[in-house]
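There are 2 protein chains.
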Amino acid sequence: MKAEIITIGDELLIGQVVDTNSAWMAERLNEAGIELYQITSVHDDREHILKALDEAFSRADIVLTTGGLGPTKDDITKHVMCEYFGTSLVEDASVRAHIHELYKERPEVLNRLTATQWLVPASATILPNRVGSAPIMVFENEVKGERLEVRGEGQNSKFLIAMPGVPHEMKIAMTEQVMPYIRLKVRGERLEAGDIIHRTILLSGIAESTLAIRIEDWENALPDSMHLAYLPKDGTIRLRLSTYGEATAEELQSHIDTLLPLISDYLLATEDISLEALAGRLLKQHAMTIATAESCTGGRLAAALNVQSGSSAYYMGSVVAYDNRIKEQVLGVAHDTLMEYGAVSEQTVREMAEGVRTLMNTDYAIATSGIAGPTGGTKDKPVGTVWIAWATPTGTEARCFHFGVAREREQITMRAVNEALIHLIKSIKTKH
Amino acid sequence: MKAEIITIGDELLIGQVVDTNSAWMAERLNEAGIELYQITSVHDDREHILKALDEAFSRADIVLTTGGLGPTKDDITKHVMCEYFGTSLVEDASVRAHIHELYKERPEVLNRLTATQWLVPASATILPNRVGSAPIMVFENEVKGERLEVRGEGQNSKFLIAMPGVPHEMKIAMTEQVMPYIRLKVRGERLEAGDIIHRTILLSGIAESTLAIRIEDWENALPDSMHLAYLPKDGTIRLRLSTYGEATAEELQSHIDTLLPLISDYLLATEDISLEALAGRLLKQHAMTIATAESCTGGRLAAALNVQSGSSAYYMGSVVAYDNRIKEQVLGVAHDTLMEYGAVSEQTVREMAEGVRTLMNTDYAIATSGIAGPTGGTKDKPVGTVWIAWATPTGTEARCFHFGVAREREQITMRAVNEALIHLIKSIKTKH
Numbered sequence: 005m006k007a008e009i010i011t012i013g014d015e016l017l018i019g020q021v022v023d024t025n026s027a028w029m030a031e032r033l034n035e036a037g038i039e040l041y042q043i044t045s046v047h048d049d050r051e052h053i054l055k056a057l058d059e060a061f062s063r064a065d066i067v068l069t070t071g072g073l074g075p076t077k078d079d080i081t082k083h084v085m086c087e088y089f090g091t092s093l094v095e096d097a098s099v100r101a102h103i104h105e106l107y108k109e110r111p112e113v114l115n116r117l118t119a120t121q122w123l124v125p126a127s128a129t130i131l132p133n134r135v136g137s138a139p140i141m142v143f144e145n146e147v148k149g150e151r152l153e154v155r156g157e158g159q160n161s162k163f164l165i166a167m168p169g170v171p172h173e174m175k176i177a178m179t180e181q182v183m184p185y186i187r188l189k190v191r192g193e194r195l196e197a198g199d200i201i202h203r204t205i206l207l208s209g210i211a212e213s214t215l216a217i218r219i220e221d222w223e224n225a226l227p228d229s230m231h232l233a234y235l236p237k238d239g240t241i242r243l244r245l246s247t248y249g250e251a252t253a254e255e256l257q258s259h260i261d262t263l264l265p266l267i268s269d270y271l272l273a274t275e276d277i278s279l280e281a282l283a284g285r286l287l288k289q290h291a292m293t294i295a296t297a298e299s300c301t302g303g304r305l306a307a308a309l310n311v312q313s314g315s316s317a318y319y320m321g322s323v324v325a326y327d328n329r330i331k332e333q334v335l336g337v338a339h340d341t342l343m344e345y346g347a348v349s350e351q352t353v354r355e356m357a358e359g360v361r362t363l364m365n366t367d368y369a370i371a372t373s374g375i376a377g378p379t380g381g382t383k384d385k386p387v388g389t390v391w392i393a394w395a396t397p398t399g400t401e402a403r404c405f406h407f408g409v410a411r412e413r414e415q416i417t418m419r420a421v422n423e424a425l426i427h428l429i430k431s432i433k434t435k436h
Numbered sequence: 005m006k007a008e009i010i011t012i013g014d015e016l017l018i019g020q021v022v023d024t025n026s027a028w029m030a031e032r033l034n035e036a037g038i039e040l041y042q043i044t045s046v047h048d049d050r051e052h053i054l055k056a057l058d059e060a061f062s063r064a065d066i067v068l069t070t071g072g073l074g075p076t077k078d079d080i081t082k083h084v085m086c087e088y089f090g091t092s093l094v095e096d097a098s099v100r101a102h103i104h105e106l107y108k109e110r111p112e113v114l115n116r117l118t119a120t121q122w123l124v125p126a127s128a129t130i131l132p133n134r135v136g137s138a139p140i141m142v143f144e145n146e147v148k149g150e151r152l153e154v155r156g157e158g159q160n161s162k163f164l165i166a167m168p169g170v171p172h173e174m175k176i177a178m179t180e181q182v183m184p185y186i187r188l189k190v191r192g193e194r195l196e197a198g199d200i201i202h203r204t205i206l207l208s209g210i211a212e213s214t215l216a217i218r219i220e221d222w223e224n225a226l227p228d229s230m231h232l233a234y235l236p237k238d239g240t241i242r243l244r245l246s247t248y249g250e251a252t253a254e255e256l257q258s259h260i261d262t263l264l265p266l267i268s269d270y271l272l273a274t275e276d277i278s279l280e281a282l283a284g285r286l287l288k289q290h291a292m293t294i295a296t297a298e299s300c301t302g303g304r305l306a307a308a309l310n311v312q313s314g315s316s317a318y319y320m321g322s323v324v325a326y327d328n329r330i331k332e333q334v335l336g337v338a339h340d341t342l343m344e345y346g347a348v349s350e351q352t353v354r355e356m357a358e359g360v361r362t363l364m365n366t367d368y369a370i371a372t373s374g375i376a377g378p379t380g381g382t383k384d385k386p387v388g389t390v391w392i393a394w395a396t397p398t399g400t401e402a403r404c405f406h407f408g409v410a411r412e413r414e415q416i417t418m419r420a421v422n423e424a425l426i427h428l429i430k431s432i433k434t435k436h
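Read top to bottom, the protein sequences are chains A and B. The first sequence begins at 5 in the numbering used here and counts up one residue at a time. The second sequence begins at 5 in the numbering used here and counts up one residue at a time.
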C-alpha cells in the first residue's frame with residue numbers, strides 16, 4: 005500500500021512558497037503505516053497535472069493532492085480532476101449550506117466566485133472542509149472504471165483525495181476526514197498501522213562521520229530488514245532505525261538497546277523529539293522555571309521555549325535587549341562591563357543571564373549575545389561568534405561558540421538557540 | 005531551457021524534514037530566467053533515483069539534485085550517479101586538501117569515512133563546497149554520450165548538478181558555484197535572465213473571492229502572454245502577474261498601473277516583500293524606533309522585527325511577559341487591571357504597549373495578549389482571541405481579533421504577528 009503526494013501550484017515552482025504541507029502529510033501517512041513513495045510539485049497546468057496523476061497512479065495506490073482548489077481563475081485542479089476521472093460538476097447542497105454558514109458574518113464573501121465552490125464533481129465522494137470553502141474530493145477507481153485499472157494482486161482500492169493547499173485547512177482535513185477515510189479503506193491490507201516502525205535517537209556534540217565509525221560494527225551487524233539513516237541538523241544528529249513490515253518492534257528495540265551504550269556520552273533522547281519539547285518536558289517534570297535574555301537570538305529562544313501548549317508552567321518570560329541601553333536599564337548589565345568588554349563578551353552575557361534570572365525570579369535563565377551577521381563582524385569577533393550563558397540555581401556558566409562566517413544570519417541564530425537548549429537539557433539531566 | 009529539482013532522502017518522505025531547499029533554489033533559478041518545471045522528492049533508493057533522473061531528463065535540460073552526499077552508508081547518491089553516467093570514483097587531490105583544511109582543528113573528523121568524501125566520479129566536473137566536505141558534482145551530456153541524448157533543436161547543454169542537502173551548504177554552493185555555472189552554460193539560449201518577469205502586489209483586509217470579483221474585468225482583459233495568480237497566506241494576499249518571455253516589463257507594468265487604483269484601499273506594497281521587511285524599511289526610512297511587549301506571540305513579533313540585518317537601527321527590544329507577574333513588574337501593568345479585566349483584554353494590552361514604549365523609550369510599541377490554544381479558551385474568550393495594541397507618538401489603539409478555534413497554536417500566533425505588522429505598516433504610511 006503505497007501513497008504519493010502531488011502538490012499543485014506555480015508558487016511552489018518559483019519559490020514563493022515553501023511546501024510545508026508534504027512533510028506534515030508524510031508524517032500522518034507514516035503513522036498510519038502507509039509508505040509514502042514520492043512527492044511531486046507541479047504547475048497549475050492541465051497537462052502537467054494529468055501527467056503527474058498518470059505517473060503517480062503507475063507507482064502508488066493512494067494519491068493525495070493539495071492546492072488549486074480556490075475560487076479564482078488560476079485554480080484549475082477541480083476541472084482537471086473532472087477531466088481525468090470523466091465526470092462533470094454539479095451543485096452540492098450540503099457544501100452550499102456549509103459555505104453560507106462559514107460566511108454568515110461576512111455576506112460580501114458570498115459572491116458568485118464563492119458560489120463556484122459548491123460545484124463538485126458528480127462522481128466524487130465529498131468530505132467536509134470544516135474551516136474553508138473548498139470541499140475535499142475523493143475519487144475512487146470502482147466508480148470511474150477504466151482509467152484507474154487495478155494493479156497488483158487482489159487490490160481494489162486505488163483512490164485519489166484532493167485537498168486545499170492552505171496549510172491549516174489541509175491539516176484539519178487530513179486529521180478529521182482524510183486519515184480516517186484512508187484507515188477505513190486500507191483496513192485488512194497486509195501492511196497495518198504499526199508495521200512501519202521508526203526508532204529515533206537524538207544526539208549532539210559529535211560529527212556524523214565520527215559517529216558512523218564509532219557505531220560501524222553495530223551498523224554492519226544490522227539485518228536487512230532494518231535501515232539506518234543519519235539526519236544531521238543544526239548541531240544535532242538524529243539516528244533513525246526503520247523497518248517496513250519486515251521486523252518487529254521488539255527486534256528493533258533489541259538493536260537500539262545494544263546501540264545506546266556506544267553513544268551514551270552524546271545522547272540527548274531516545275525518541276524523535278524536538279529540543280524545545282525535550283527542554284520543556286524536563287523543566288515541567290522537575291517543576292523548574294526559566295526566563296531568557298536575548299540579543300542575537302532576538303526572541304527566537306523565547307519562542308522555542310513557549311512553542312508547546314502548557315509552557316506557561318515553566319516559561320515565565322524574556323527580555324530581548326537589542327539595544328545596549330536595554331541591557332543596562334532592564335537587565336541591569338553594568339555600564340562599565342559593556343564599555344570594557346563589549347556586548348558580545350562573557351562578562352556581558354553572564355550579567356544578562358543573572359539579570360533576567362533575578363528580574364523574573366526563575367530557577368534557570370539563558371542569555372545570548374553574538375554577531376549574527378551578515379554585517380557587524382570584526383577580526384576578533386567575526387560573524388558567527390555567539391556567547392551564551394546559563395544561570396542556574398548552582399551558579400552561572402558561559403561558553404563561546406563560533407558558528408562560522410559562512411553561515412547565514414538565520415542559520416547562526418538557529419544554531420545559537422539549539423546550543424542554548426542542548427546545554428540546558430544536559431544541565432537539567434545532570435543535576436537531577 | 006527548463007530545469008527540475010530532485011531532492012533525495014527518506015527523511016523527506018516520512019515527514020521528518022521539511023524540504024525548504026527547493027523553494028530557495030526555485031527562486032534562484034527564476035531570477036536567472038530558468039523555468040523550474042517540477043520538484044520531485046525521492047527515497048535514498050537506487051532504482052527510485054535512477055527512474056527519477058530518467059523522467060526529469062525527459063522533460064528538462066537541467067537537473068539539480070540535493071541530498072545523499074554524506075559520508076555514511078545511507079548516502080548513495082554519488083554511487084547511483086556513477087552508475088547513471090557510466091563512470092567510477094577516483095581520488096581528487098584538491099577536494100582532499102580542502103577537507104584537510106576544513107577539519108584542521110578537528111583532526112578526529114579526518115577518519116576513513118570522511119576520506120570517502122574526496123572520491124569523486126571520474127567524468128564529473130567538481131565544483132568546490134567551501135563550507136562542507138561533500139563536493140558539488142556536474143555531469144554533462146557531452147562527456148557521457150549515450151544516456152543523455154540531446155533533445156530539441158540545436159540544444160546541446162543537458163546537465164546535472166548534484167549538491168549536498170544541508171541547507172546552508174546548498175545555499176553557498178548555489179550562490180557561489182552552481183548559479184554562475186548555469187548562467188555560463190545557458191548564455192546565448194533564447195530565454196535570457198530577465199525574460200521571466202513576475203510583478204507582485206501585497207494586499208490585506210480583503211477576501212480572495214471578493215478581490216477576484218472586484219478586479220474581474222481587469223483580469224479578463226489580460227493578454228494570454230500574462231498569467232495572474234492569487235496567493236493568500238496568513239491574512240495577506242499576494243497577487244502575482246507573470247510572463248515567461250512573452251511580454252515585456254513595460255507591458256506588464258502598464259497592466260499593473262491600471263490594477264492599482266482598483267485595489268488601493270487594501271494595498272500594502274507593490275513588490276514581493278515580507279511584512280517584516282516592509283515594516284523594517286518604513287521604520288528605518290522615517291527614523292522611528294520600536295519595541296514589543298508580547299504574551300501570546302511569545303517573542304515571534306520580536307523575531308519578525310529583527311530578522312533583517314541592520315534592524316538594530318529601529319528595533320530596540322522586547323519584553324515577553326508570559327507570566328502575569330512579569331506584566332506587572334517589568335511592564336508596569338496595574339495589578340487591578342489584570343484582576344478586573346484579565347490578561348487577554350483591551351485594558352491590559354494597552355498598558356503593556358504603553359509600558360514597553362516607556363521602558364524602552366521608543367516611538368512605536370506593539371503589545372499582544374491572546375489565547376493561542378489548544379487549551380485555555382473560555383466561552384467569552386475562545387481559543388484564537390487575540391488583543392493587539394499599537395502605542396504610537398499620537399496615541400494608543402487596540403483591536404481584538406478572532407482567528408478561530410479551528411486554527412492551530414502556531415497559526416494563531418503567526419496571524420497575530422502578521423496583523424500586528426499590517427496595522428503598523430498602515431499606521432506609519434498614513435502618518436507620513
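Note that these hints are calculated values from the structure, not bench results. All figures in this text were calculated on a predicted structure; none of them were measured in a lab. Cβ coordinates follow ideal geometry from the N, Cα and C atoms, glycine included. Be careful, since some hints might not be right.
[Claimed, not checked] Distance condition first, Cα-Cα at most 20 Å in a straight line; then the derived SDA-like pairs of lysine to any residue: (1) A:K385 x B:G408; (2) A:K108 x B:G408; (3) B:K55 x B:E109; (4) B:K77 x A:M230; (5) B:K175 x A:E412; (6) B:K77 x A:K385; (7) A:K189 x A:I80; (8) B:K6 x A:A338; (9) B:K237 x A:C404; (10) A:K77 x B:P227; (11) A:K77 x B:Y248.
[To be verified] Calculated from the model, a selection of chain A residues having no Cβ within reach of chain B, i.e. all distances over 10 Å: (12) E31; (13) K77; (14) S315.
### Query
Within a Cα-Cα threshold of 20 Å, do K385 of chain A and G408 of chain B meet the stated pairing?
Not satisfied, since the Cα-Cα distance of roughly 46 Å exceeds 20 Å.
#### Entry: Pair hint K77 of chain A and Y248 of chain B, alpha-carbon separation not exceeding 20 Å
holds (18 Å)
#### Entry: Exclusion check [E31 of chain A not at the chain B interface, CB over 10 Å]
Violated, because the least Cβ-Cβ distance between E31 of chain A and chain B comes to about 3 Å, which does not exceed 10 Å.
#### Entry: Claimed clearance of chain B by K77 of chain A, with the beta carbon kept past 10 Å
Given a closest Cβ separation of 7 Å, the condition is violated.
### Query
Between K108 of chain A and G408 of chain B, is the straight-line Cα distance small enough, at 20 Å or below?
holds (14 Å)
### Message
Checking one constraint from the list: CA of K77 of chain B to CA of K385 of chain A, max 20 Å. Satisfied?
### Response
It is violated: about 38 Å lies between the C-alpha atoms, which goes past 20 Å.
### Query
Regarding the pair K175 of chain B and E412 of chain A, is the alpha-carbon distance no greater than 20 Å?
At roughly 9 Å apart (the allowed maximum being 20 Å), E412 of chain A and K175 of chain B satisfy the hint.
### Message
What's the verdict on K77 of chain A and P227 of chain B, does the C-alpha distance respect the 20 Å limit or exceed it?
### Response
holds (14 Å)
### Message
Need the status of pair K6 of chain B, A338 of chain A: alpha-carbon distance at most 20 Å?
### Response
violated (59 Å)
### Pairwise hint evaluation, I80 of chain A against K189 of chain A, where the allowed Cα distance is 20 Å at most
violated (27 Å)
### Task
Measuring Cβ to Cβ, find out whether S315 of chain A lies farther than 10 Å from everything in chain B.
S315 of chain A is in fact no farther than 10 Å from some Cβ atom of chain B, at 7 Å.
### Message
Between the alpha carbons of K237 of chain B and C404 of chain A, is the straight-line distance 20 Å or under?
### Response
violated (39 Å)
In summary, the numbered hints that this structure violates are 1, 3, 6, 7, 8, 9, 12, 13, 14.
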